[in-house]
Amino acid sequence: MILFFGVRPGKTRTHNLEGVTCPYCNTKGQMTASSTPSFVHLFWIPVYRLGTNLIAECTHCKRGFYKEEFTAEMKQVVAENIRK
42 MILFFGVRPG KTRTHNLEGV TCPYCNTKGQ MTASSTPSFV HLFWIPVYRL GTNLIAECTH
102 CKRGFYKEEF TAEMKQVVAE NIRK
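If you want our numbering, it's the 1-based position in the sequence shown plus 41.
Be a bit skeptical, because a hint or two may be false.
[To be verified] Pairs of lysine-lysine, DSS-like flavour, derived with a Cα cap of 27 Å:
1) Lys108 x Lys69
2) Lys52 x Lys103
3) Lys108 x Lys52
4) Lys116 x Lys69
5) Lys103 x Lys116
6) Lys103 x Lys69
7) Lys52 x Lys116
Just so you know, the hints here were simulated from the structure itself, not pulled from any lab data. Note that the coordinates shown come from a computational prediction; the quantities given were computed from them, not determined experimentally.
Kindly produce the complete structure, drawing on both the sequences and the hints.
Next up, the structure:
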């Protein structure tokens with residue numbers, strides 16, 4: 042019997058971070074956050090969620106920020122909007 046299993050990303054969700062200032066260019070209201078979950082799959086059916094990659098980007102200066110680089114303001118808005 043052949044068994045197909047592995048790890049695949051889920052659907053990416055993108056949200057605007059209203060009122061957040063970019064720490065790089067100091068432009069307010071131009072930040073977007075994207076979250077992509079990773080799943081263990083068996084026969085291409087998601088079985089278990091491994092984790093979620095969270096990245097923010099300023100649409101003005103195009104600077105990207107990993108979750109470890111988020112400011113307190115970014116963390117607060119992400120916690121309120123994305124992780125519902």
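Against the structure, the hints:
Simply put, Lys108 and Lys69 have alpha-carbon atoms about 19 Å apart, close enough for the 27 Å limit, and the pair holds. Straight-line distance between C-alpha atoms of Lys52 and Lys103 comes to about 22 Å, which keeps the hinted pair within the 27 Å bound. With a C-alpha separation of about 18 Å, the suggested pairing of Lys108 with Lys52 holds against the 27 Å cut-off. Between the alpha carbons of Lys116 and Lys69 the distance comes to roughly 15 Å, so the proposed pair stays at or under 27 Å and holds.
Taking the CA atoms of Lys103 and Lys116, the gap is about 19 Å. The hint holds against a cut of 27 Å. A threshold of 27 Å between alpha carbons decides the hint, and for Lys103 with Lys69 the separation of about 14 Å falls inside it, so the pair holds. Using a Cα cut-off of 27 Å, the hinted pair Lys52 and Lys116 holds, with the two alpha carbons roughly 21 Å apart.
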